[in-house]
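K.L.:
Chain by chain, the residues run as shown.
2 protein chains.
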Amino acid sequence: MYKTKAYSAASKSSPLASDTIPRRDPTDRDVQIEILFCGICHSDLHYARDEWHDVMPAVYPAVPGHEIVGKVTKVGSAVTQYKAGDLVGVGCLVDSDHTCPNCQAGLEQFCPGQVLTYGSPDKHKTAPVTYGGYSDSIVVDERFVLRIPSNLDLAGAAPLLCAGITTYSPMRHWGVTKGKKVGVVGLGGLGHMGVKFAHAFGAQTVVFTTSPNKREDALRLGADEVVVSKNADEMQKHTGSFDFILDCVAADHDINAYINLLTRDGNITLVGAPEKPLPVAAFGLIMGRRSLSGSPIGGLAETQEMLDFCGQHHITSDVEVIPIQKVNEAYERIVKSDVKYRFSIDMASLKSD
Amino acid sequence: MYKTKAYSAASKSSPLASDTIPRRDPTDRDVQIEILFCGICHSDLHYARDEWHDVMPAVYPAVPGHEIVGKVTKVGSAVTQYKAGDLVGVGCLVDSDHTCPNCQAGLEQFCPGQVLTYGSPDKHKTAPVTYGGYSDSIVVDERFVLRIPSNLDLAGAAPLLCAGITTYSPMRHWGVTKGKKVGVVGLGGLGHMGVKFAHAFGAQTVVFTTSPNKREDALRLGADEVVVSKNADEMQKHTGSFDFILDCVAADHDINAYINLLTRDGNITLVGAPEKPLPVAAFGLIMGRRSLSGSPIGGLAETQEMLDFCGQHHITSDVEVIPIQKVNEAYERIVKSDVKYRFSIDMASLKSD
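Listed in order, the protein sequences are those of chains A and B.
The first sequence begins at 1329 in this note's numbering and counts up by one.
The second sequence begins at 1329 in this note's numbering and counts up by one.
Warning: the hint list may mix true and false statements.
[Stated by the list, open to error] With a Cα cut of at most 27 Å, we get these calculated BS3-like pairs of lysine-lysine: (1) A:K1453 with A:K1402; (2) A:K1453 with A:K1411; (3) A:K1558 with B:K1604; (4) B:K1451 with B:K1331; (5) A:K1604 with B:K1565; (6) B:K1411 with A:K1604; (7) B:K1604 with A:K1604; (8) B:K1411 with B:K1399; (9) B:K1604 with A:K1565; (10) B:K1451 with B:K1402.
[Said to hold, decoys possible] If you want the footprint, here are the derived chain B segments under chain A, 3+ residues with CB under 8 Å: (11) 1545-1556; (12) 1590-1598; (13) 1667-1674.
[What the hints assert, rightly or not] Simulated coverage check for chain A against chain B, where a stretch passes if three residues somewhere in it have a Cβ under 8 Å from a Cβ of chain B: (14) 1349-1360; (15) 1520-1528; (16) 1617-1626.
If you are wondering where the hints come from, they were derived from the structure by calculation, not from laboratory data.
Fair warning: this is a prediction, and the values are worked out from it, not measured in the lab.
We put the CB at the ideal spot given by N, CA and C, even for glycine.
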């Protein structure tokens, strides 16, 4: 066991502050990583502030962060895939049971025994729960370590580990390819990645937004068209035409307006989770055999596939790089959706803290 | 043009009564059918009473009926598939545009130019709108005529044309086969067919009902297990275990309770259409990548496949056979769900009316 610097919340009402946390010494299968950048996901706030108490009660000190990129500093004797100096990433998962049907299928995101990067009971007993990426270093089983293509900007690559795979996975699952018409609802951290992927897959990409002033940016990110969702006439023109819609909105919104835009057998997938149930009209689903679904992150194999795809297509997240000392300010801005489109923490700032 | 006996509603508040309606003389491609049995679908009531005014306003006189079986009496010169004396069926559609992508795919149920068996503008101008199966005879384009396997009881075969295909089609679409675990919610006209099909496909079949007294009947129809949905403990035991659930409930109900019973990638399909939107919790869909969809009837090719499957597996609807003179009484009983499980009108009764 060794000590490493981190930023943690001491209680649900405390700002994040400098701290020292334990990490295990690498076991035979472990990879020790010096963290270079860590993206800030909205989940980080929810956890630090214990806003998801019912499904995932926070344990303090709480160290968030699951969009991690870094450099390998040491590997265990049985590690075969990585060596010191490699550029690697860690996403939302650091372990699973490896035996359930989901794990067997390479879908560790559905494993009932999954270990989240932060806030899950720590199997290694280094601490009561796992500590995330707002930290100098982390030690992870090599099966949960991913390779970062060397051509990617590391600050922009960090959010791929959660925002990237969360948007990539459902598009792959529901068959987004060239020739398909794809909508992305909401242009935030998730949505802007959805636009980049839909465009890179060759799909006709349409962004739905409530903010007309996001039009230019949406087009720059790869959208072929932007629809202001409050404009009923603009919406009407697209009735029955979408093969797939990625719904990235975590606030209350009219899902039926989007269901009606789907073509026969079209699907709309929720990746944002509004707090209140969404009223869904049966008729819109029945006429057209449409479906509404949800999707969390992806499995390890698919996350690597996504990273490789990003390497080939030069895709990273649009980030605002901040020092760790500005994390609390960043949280306030995230609550106000005031970020284009993700914060990425330069962890070098922690060394001088 | 010729005249034929029928039962029609003269207004939305009128009971159905004896009437005479025009039918076209068979064109080259037409099949003239003497109707032997016609099932009563809940849609018949909605249409006769103009309860679906916004989507399908009734035109009076209204002649419902889209679960038709009968005997061919005459065919046009270009008809190749049928000859006088053949046992045939007609379902919810009597024509489509034949050119749209849906028709090209054999999915006429999604054709924007579809002609419903009753209440659609009549292309042949025999009457303002099409008249359904509560009638002595009907004339239909041979492409919308189906073959009824000779081993089936005709009274019980009639409801296959709507209730049958409505439950068969989504099960085929979502891959119900041997080895899958399938739920059927609601044991009525649709639900009892769903149970028969799920069982015949070899699936482990579970019926959800609010009425414990339907248990015996559900088992008789082919269910392996019956769950009383009001019993939270019974429901809990099935969490995350269903590959597919067919939701046949047209009343308000807690859809999230069923979504949570789905396994990873499981689907629940609505075939009943509750009047009010169903509140759907995003979390239940996201965790497990589950989907909620809807399905109407099926295309012509699939309807024939379903009828052939019924012939092979000796499947018909459980019906209560009534004379046409009891149709208004039957409507009242349908509103109270007082039928096991479908009314089938013996159209011989109309001859003596």
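K.L.:
Tell me whether the statement that chain A covers the region 1590-1598 of chain B is true, taking a Cβ distance below 8 Å and needing three residues at minimum.
P.N.:
holds (count 3)
K.L.:
State whether the coverage of the region 1617-1626 of chain A by chain B holds or is violated, taking the criterion as 3 or more residues with Cβ-Cβ distances under 8 Å.
P.N.:
It holds, with 8 qualifying residues against the three required.
K.L.:
Next pair to validate is K1451 of chain B with K1402 of chain B; report whether the Cα-Cα distance is within 27 Å.
P.N.:
At roughly 21 Å apart (the allowed maximum being 27 Å), K1402 of chain B and K1451 of chain B satisfy the hint.
K.L.:
Between the region 1349-1360 of chain A and chain B, see if three or more residues pass the 8 Å beta-carbon test, and mark the coverage as holds or violated.
P.N.:
violated (count 0)
K.L.:
Taking 8 Å as the C-beta cutoff, is the stated coverage of the region 1667-1674 of chain B by chain A satisfied by three or more residues?
P.N.:
violated (count 0)
K.L.:
Decide if the proposed pair is consistent with the structure: K1558 of chain A and K1604 of chain B, CA atoms, cutoff 27 Å inclusive.
P.N.:
Roughly 23 Å between the alpha carbons, so the hint for K1558 of chain A and K1604 of chain B holds.
K.L.:
For the region 1545-1556 of chain B, does the count of residues with a C-beta closer than 8 Å to a C-beta of chain A reach 3?
P.N.:
Coverage by chain A is violated here, the residue count being 0 at a Cβ distance below 8 Å.
K.L.:
Does the structure keep K1453 of chain A and K1402 of chain A at a Cα separation of 27 Å or less?
P.N.:
holds, 20 Å
K.L.:
Hey, K1604 of chain B versus K1565 of chain A, does the alpha-carbon distance stay inside 27 Å?
P.N.:
holds, 26 Å
K.L.:
Do the alpha carbons of K1451 of chain B and K1331 of chain B lie within 27 Å of each other, as the hint requires?
P.N.:
Given that 27 Å is the threshold and the Cα spacing comes to 18 Å, the pair holds.
K.L.:
Given the proposed pairing of K1411 of chain B with K1399 of chain B, does the C-alpha separation stay at or below 27 Å?
P.N.:
Status holds; Cα separation ~9 Å.
K.L.:
Cut-off 8 Å, C-beta pairs, minimum 3 residues; does the coverage of the region 1520-1528 of chain A by chain B stand?
P.N.:
Not satisfied, violated; 0 residues make the cut.
Hints 6, 11, 13, 14 and 15 from the list above are not met by this structure, while the remaining hints are.
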